[in-house]
Amino acid sequence: IIYYKKVLIGAYTMDDNINIAICDDDEIDADRIAELCGKSEILSKYNVNISQYHSGEDLCNAKEVYNLIFLDIKLDNMDGIAIRDHLRISQPDALIAYATGYSEYATRAYGRNVIDYIMKPITLDKVDEVIHTLMLEHSINKDINIISNGNIVNIKSLDIIYIKAEHVYSVVIMRDSKYLVRRTMNEWEQELSVYGFVRVGKSYIVNFRYVSCIDSSVHFINGECIPVSRLKVRSIKEKYNEYAVRFSRYM
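According to our numbering, numbering within the sequence shown proceeds without interruption in unit steps and concludes at 344.
Rather than coming from a laboratory, the hints here were simulated on the basis of the structure.
Model, not experiment: these values are computed from the prediction.
Just so it is clear, CB atoms sit at the ideal spot from N, CA and C, and this is done for glycine as well.
Treat the hints with care, as some may be off.
[Stated by the list, open to error] Below are the EDC-like pairs computed for lysine to aspartate or glutamate, each with C-alpha atoms no more than 16 Å apart in a straight line:
(1) K138 to D269
(2) K219 to D209
(3) K332 to E222
(4) K249 to E284
(5) K138 to D109
(6) K167 to E197
(7) K257 to D221
(8) K167 to D151
(9) K132 to D221
(10) K249 to D109
(11) K249 to D269
(12) K167 to D122
(13) K138 to D252
(14) K138 to E282
(15) K271 to D252
(16) K138 to D236
(17) K271 to E317
(18) K138 to D308
(19) K257 to E280
(20) K213 to E128
(21) K167 to D119
(22) K271 to E259
(23) K213 to E120
(24) K295 to E282
(25) K213 to E150
(26) K167 to E150
(27) K332 to E282
(28) K219 to E197
(29) K213 to E197
(30) K249 to E259
(31) K167 to D178
(32) K213 to D308
(33) K156 to D186
(34) K330 to D308
(35) K219 to E128
(36) K132 to D218
(37) K167 to E120
[What the hints assert, rightly or not] Label pairs and their calculated CB-CB ranges:
(38) N110 to I314: 24 to 32 Å
(39) G243 to R201: 54 to 62 Å
(40) D186 to S310: 32 to 40 Å
Can you build the whole structure from these sequences, using the hints too?
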């Protein structure tokens with residue numbers, strides 16, 4: 094059995110908008126990152142605003158509020174470590190992914206607002222990994238419109254504990270309610286996989302946020318438990334372990 098301290102981080106909503114800043118004094122490298130963001134399948138679901146800065150001073154003085162900042166470690170006027178420290182004040186909710194050609198700064202670069210240290214040349218897979226981490230770190234509270242009992246209902250992904258298949262319907266178990274929805278598990282899985290939801294069998298999708306432990310079942314902090322496919326137990330535990338480690342600095 095593996096146990097983890099429950100991590101419930103306050104979520105905020107991006108309202109389907111994601112603001113990204115790229116700070117690199119090499120315009121070619123900055124354009125490359127912007128191009129890859131444009132190709133990201135995850136980002137394609139959002140209204141993405143990308144701004145480029147070619148000096149650390151301009152980024153630190155920016156009035157726009159960013160969710161994610163791709164930052165070079167060595168700039169002509171400021172180094173990335175100093176910029177990181179400044180951004181903790183000027184952009185307290187922004188997460189930083191260093192994109193650099195200098196590996197020797199990696200141990201100094203990490204901090205509470207840093208989620209990755211990427212070596213150039215940057216690839217699309219690496220950009221998608223950073224975006225996925227952004228989703229998990231900020232636990233974006235996605236608005237979802239469903240039709241239940243003939244009514245359109247707006248629910249928040251943060252409030253979903255798990256989803257259960259029931260014939261051609263699915264039952265959405267919330268913190269304080271539940272809804273019967275005509276939507277397939279495959280559709281739910283595609284929509285929620287980047288928000289910490291994992292399919293644990295043919296009939297269940299769970300929100301790791303509410304999981305207390307995993308053995309041959311998934312146990313939730315409200316006392317409920319659901320079965321896990323025997324073929325998926327190991328991979329689900331590994332995914333849960335990755336999820337818990339990702340949030341370890343909040344424990």
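Each hint, compared with the structure:
no.	hint	in the structure
1	K138 to D269	28 Å, violated
2	K219 to D209	10 Å, holds
3	K332 to E222	14 Å, holds
4	K249 to E284	13 Å, holds
5	K138 to D109	8 Å, holds
6	K167 to E197	11 Å, holds
7	K257 to D221	28 Å, violated
8	K167 to D151	15 Å, holds
9	K132 to D221	9 Å, holds
10	K249 to D109	13 Å, holds
11	K249 to D269	12 Å, holds
12	K167 to D122	13 Å, holds
13	K138 to D252	21 Å, violated
14	K138 to E282	15 Å, holds
15	K271 to D252	10 Å, holds
16	K138 to D236	13 Å, holds
17	K271 to E317	14 Å, holds
18	K138 to D308	34 Å, violated
19	K257 to E280	13 Å, holds
20	K213 to E128	14 Å, holds
21	K167 to D119	10 Å, holds
22	K271 to E259	13 Å, holds
23	K213 to E120	14 Å, holds
24	K295 to E282	11 Å, holds
25	K213 to E150	23 Å, violated
26	K167 to E150	13 Å, holds
27	K332 to E282	15 Å, holds
28	K219 to E197	19 Å, violated
29	K213 to E197	13 Å, holds
30	K249 to E259	21 Å, violated
31	K167 to D178	14 Å, holds
32	K213 to D308	40 Å, violated
33	K156 to D186	14 Å, holds
34	K330 to D308	8 Å, holds
35	K219 to E128	13 Å, holds
36	K132 to D218	10 Å, holds
37	K167 to E120	14 Å, holds
38	N110 to I314: 24 to 32 Å	31 Å, holds
39	G243 to R201: 54 to 62 Å	58 Å, holds
40	D186 to S310: 32 to 40 Å	36 Å, holds
In summary, the numbered hints that this structure violates are 1, 7, 13, 18, 25, 28, 30 and 32.
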